[in-house]
Amino acid sequence: MPGKTLLLSQRPGGLATFNIQDGFNEALLRGLQLGFLSDADYRSILQCENLADVKLNLQETDYGAYVGDVAQISPSIVREKALEKLVNEFNLLRANANQPLSQFLEFIRYDYMIDNVMLILKATLNNPNVDVASLIKQTHPLGQFEESVFNSICAFENSPKGYAELYQSVLIDTPIGPYFARFLQEESAKVSQDASYVQNLLEELPTTKLESSLRKLYLEDFLEFCQGLGGDTATIMTDVIKARADATAINITLNSFGTMLNDPNLRESERKPLYPSMGFLYPEGTDKLSQVGDEMELAAVLRTYQVYRGIFDKHQRGDKTIDDAFYEREVQLNEMAWEGQFHYAAYYSYVRLKEQEIRNLVWICECIVQRQKDRASDHFVPVFSREASYRKR
Amino acid sequence: MADSQFSGKLIGVIGDEDTVTGFLLAGVGERTSAGTNFLVVKKETRPAEVLQKFKELTEREDVAIILINQHIANLIRQELAKYTKLVPTVLEIPSKEHPYDPTKDQVLKQVNLLLGGE
Amino acid sequence: MSSSDRIDGVFATRMNQQTYKAKVKGAEKGYELLKKKADALKARFRALLKEIRDAKMALAEEMPAAFLGLASAMYLNEKFRDNVAYEVKDASVRVFASEDNVAGVRLPVFQENFIESQGDRFGLTQGGQTIEQAKKKFQSLILKLVKLASLQTSFVTLDEALKVTNRRVNALEFVVIPRMTATVKYIAKELDEMEREEFFRLKKVVAMSDDGPPPEDVDTKEAETALPGFDESNEDDVIF
Numbered sequence: 001m002p003g004k005t006l007l008l009s010q011r012p013g014g015l016a017t018f019n020i021q022d023g024f025n026e027a028l029l030r031g032l033q034l035g036f037l038s039d040a041d042y043r044s045i046l047q048c049e050n051l052a053d054v055k056l057n058l059q060e061t062d063y064g065a066y067v068g069d070v071a072q073i074s075p076s077i078v079r080e081k082a083l084e085k086l087v088n089e090f091n092l093l094r095a096n097a098n099q100p101l102s103q104f105l106e107f108i109r110y111d112y113m114i115d116n117v118m119l120i121l122k123a124t125l126n127n128p129n130v131d132v133a134s135l136i137k138q139t140h141p142l143g144q145f146e147e148s149v150f151n152s153i154c155a156f157e158n159s160p161k162g163y164a165e166l167y168q169s170v171l172i173d174t175p176i177g178p179y180f181a182r183f184l185q186e187e188s189a190k191v192s193q194d195a196s197y198v199q200n201l202l203e204e205l206p207t208t209k210l211e212s213s214l215r216k217l218y219l220e221d222f223l224e225f226c227q228g229l230g231g232d233t234a235t236i237m238t239d240v241i242k243a244r245a246d247a248t249a250i251n252i253t254l255n256s257f258g259t260m261l262n263d264p265n266l267r268e269s270e271r272k273p274l275y276p277s278m279g280f281l282y283p284e285g286t287d288k289l290s291q292v293g294d295e296m297e298l299a300a301v302l303r304t305y306q307v308y309r310g311i312f313d314k315h316q317r318g319d320k321t322i323d324d325a326f327y328e329r330e331v332q333l334n335e336m337a338w339e340g341q342f343h344y345a346a347y348y349s350y351v352r353l354k355e356q357e358i359r360n361l362v363w364i365c366e367c368i369v370q371r372q373k374d375r376a377s378d379h380f381v382p383v384f385s386r387e388a389s390y391r392k393r
Numbered sequence: 001m002a003d004s005q006f007s008g009k010l011i012g013v014i015g016d017e018d019t020v021t022g023f024l025l026a027g028v029g030e031r032t033s034a035g036t037n038f039l040v041v042k043k044e045t046r047p048a049e050v051l052q053k054f055k056e057l058t059e060r061e062d063v064a065i066i067l068i069n070q071h072i073a074n075l076i077r078q079e080l081a082k083y084t085k086l087v088p089t090v091l092e093i094p095s096k097e098h099p100y101d102p103t104k105d106q107v108l109k110q111v112n113l114l115l116g117g118e
Numbered sequence: 001m002s003s004s005d006r007i008d009g010v011f012a013t014r015m016n017q018q019t020y021k022a023k024v025k026g027a028e029k030g031y032e033l034l035k036k037k038a039d040a041l042k043a044r045f046r047a048l049l050k051e052i053r054d055a056k057m058a059l060a061e062e063m064p065a066a067f068l069g070l071a072s073a074m075y076l077n078e079k080f081r082d083n084v085a086y087e088v089k090d091a092s093v094r095v096f097a098s099e100d101n102v103a104g105v106r107l108p109v110f111q112e113n114f115i116e117s118q119g120d121r122f123g124l125t126q127g128g129q130t131i132e133q134a135k136k137k138f139q140s141l142i143l144k145l146v147k148l149a150s151l152q153t154s155f156v157t158l159d160e161a162l163k164v165t166n167r168r169v170n171a172l173e174f175v176v177i178p179r180m181t182a183t184v185k186y187i188a189k190e191l192d193e194m195e196r197e198e199f200f201r202l203k204k205v206v207a208m209s210d211d212g213p214p215p216e217d218v219d220t221k222e223a224e225t226a227l228p229g230f231d232e233s234n235e236d237d238v239i240f
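Protein chains in written order, with the UniProt record's numbering: chain A, 1 to 393; chain B, 1 to 118; chain C, 1 to 240.
Errors might be hidden in some of the hints.
As the list claims (entries may be wrong) - A short list of chain A residues far from chain B (calculated; beta carbon distances all over 12 Å): (1) F18; (2) F36; (3) L46; (4) Y66; (5) G68; (6) S74; (7) P75; (8) L92; (9) A133; (10) K137; (11) Q168; (12) P178; (13) T207; (14) T208; (15) E297; (16) R303.
Unchecked claim - Straight-line distance between alpha carbons at most 25 Å, and here's what the computed SDA-like set of lysine to any residue pairs gives: (17) A:K209 x A:Q144; (18) A:K320 x C:S140; (19) C:K35 x B:L113; (20) C:K89 x B:T45.
Just so you know, the hints here were simulated from the structure itself, not pulled from any lab data. These numbers come from a predicted model, not from an experiment. Ideal Cβ positions, reconstructed from N, Cα and C, are used throughout, including at glycine.
All chains, full assembly: derive it from the sequences and hints.
Rendered as structure tokens:
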């Protein structure tokens, strides 16, 4: 496993020693923090009548260099360019990082690697003659493997032998290989890497289960690593990761209503294993969640958790969808990482908050394209906004 | 193909990513070993590919309606104008980034002509 | 009236006159009926045109809302688009074709059928409900599109049927009926002509028998009795 316990001297967070290793990167990161779009930026973008105007406005911001030479602008291009910017910034930070920060940054990337491997698996399992080049384009740039890895994932034969090769020679070598290994181990007591066995698992298992299991293993591993780092990194990352796990558990419960997973017989056997085995709700909260069958019961379970009661109230009142409420909560938690110094949590926050900013931008662009700007306030959550609801008391 | 008698026919879609995603989400998509009943047209997709898919869909027995984004229909306008079969019916639909342009719609053009400047 | 306007090769006989008079009557009846059919089709056609235009315009208005719903779903769960594209297996929306009948023209009518799947839902961990809403929006779009498809095929079929019917109406009005009436007139004219010829011939025969050497008594009597009879006789009764 990538996470291993560090010597006390290697732990970041010491006031006296932090800057020896991580000072330069910390400075870079604080500089990048200034690049977030401000309330004023959002206001002027919201006043645009078309995307050409949005482009003009973006040219005044940190995005200027990226959107400047775009001829035909569209929401998807905005997303593409903004991601490009994020990736460049991330790579800059990564290139300057020493251990253990470099490992921490790699952990951030594993998240996206899981996304990409899942995407490729879903695509290739369902249609064997998929176009590899276009598939690679759809993957998240932060979760990029070397191109040879991508090509060999896509090039494997759709046969038991091909699956065995895929697993043994490709996936096992990727940073997230250990999660696959653990998953396969947990799925069956016989740790056979027998070809047909792996294929059966990959083919017959709902991909949602594979994905949520990988994600669960990843989050556990990441959490363990952060706690090994100690200091503020551990404190803040524990909060953030646990909150994420809780959001996943609540969402799975809510979204399963009306599907097979809500079948009383399947709740325990099928739905519960999808819950992450961590978080503030874990274990007694997730135990209760695994029994609920409708929104009323869900609300009753969440009533005892102040934060989630607030979020679920918003959902039930119809103010916001539950996902929007969770986004808002995530932004709030991640902003907190910037209050202190000498820790790594801000790097994670930076990526998460930038992702949120990109979502905001794309959503606003969509509203402008569809000429429904009045709907823009439906979703986006500004980052470091002075007008955020949780700042107004 | 045999059971299409009982379960009805398919709707084919040729469109940009968002259009196709939307209709696939609604459940029109079908993937068999023979292929799919939809095509995602991206910037780099050549008109020849669009045309090929269009011909393939029009020749399939189990397709009743073909939805095609207007801006994509424009790529194969000539062939589309020549298409006279009744079923599958070709319907031109607006896309996300290209709002509807009534002056380019083959059928609507005819309709307006017949209604005479009404 | 030139000879090309009537039907060639029709002998001017009493029987043909009857036949053609009947035919003209039939054609006129047919003309009226077809005219009525054309009117019915035309009325339906115009209604259809308006319906199509309205449907297309309504569609143009509803699409942005659907796309925005999709954008909402994308905002909440970016990955779902790829999942949708790659997890497609069986279509849950099917279309049935039946027929509607307008004045004898069969119009194809499509009827959609949604197969509700209780299976997996997209965005289980994130955005599931919003994705579900986007799905609903696109499904309602499909309802409209299927209706529009029916309208459009009806439009094409009706257009064709209308053309054929109009062609027939015109053919009857400007070609068939005029030619037949011309034929009837021609026959009547010919018959008149033949009658006059016959009358003249008889007159000639009578005149010759007056001028010539007196015939036998019986012959003169016959001729004398025949002549008054001919004078009084009705045209129609004379049969040659």
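Please confirm whether R303 (chain A) is truly not at the interface, meaning its C-beta sits more than 12 Å away from all C-beta atoms of chain B. holds, 34 Å
If I take the minimum Cβ distance from L92 (chain A) to any residue of chain B, is it greater than 12 Å? Fine: 29 Å to the nearest Cβ keeps L92 (chain A) off the interface.
Check on Y66 (chain A) being off the interface with chain B, judged by Cβ distance over 12 Å: holds, 18 Å
Beyond 12 Å from every chain B Cβ - status for P178 (chain A): holds, 33 Å
Beyond 12 Å from every Cβ of chain B: is that where the Cβ of F36 (chain A) lies? holds, 27 Å
Restraint check for K35 (chain C) with L113 (chain B), where alpha carbons must lie at most 25 Å apart: holds, 23 Å
Can we trust that Q168 (chain A) is non-interface, i.e. its beta-carbon lies farther than 12 Å from all of chain B? holds, 28 Å
Checking a non-interface call: every C-beta of chain B should be farther than 12 Å from the C-beta of T208 (chain A). Is that right? At roughly 16 Å from the nearest Cβ of chain B, T208 (chain A) sits farther out than 12 Å, so the non-interface label holds.
May I ask you to check that P75 (chain A) keeps its beta-carbon over 12 Å from the closest beta-carbon of chain B? violated, 8 Å
When you look at the beta carbon of G68 (chain A), is every beta carbon of chain B farther off than 12 Å? Correct as stated: the minimum Cβ-Cβ distance to chain B is 20 Å, above 12 Å.
Is the claim that L46 (chain A) lies outside the interface with chain B correct, judged by CB distances over 12 Å? holds, 19 Å
25 Å limit on alpha-carbon distance, applied to hinted pair K209 (chain A) and Q144 (chain A): holds, 23 Å
Taken one by one, the earlier hints fail for this structure at numbers 6, 7, 9, 10, listed in ascending order.
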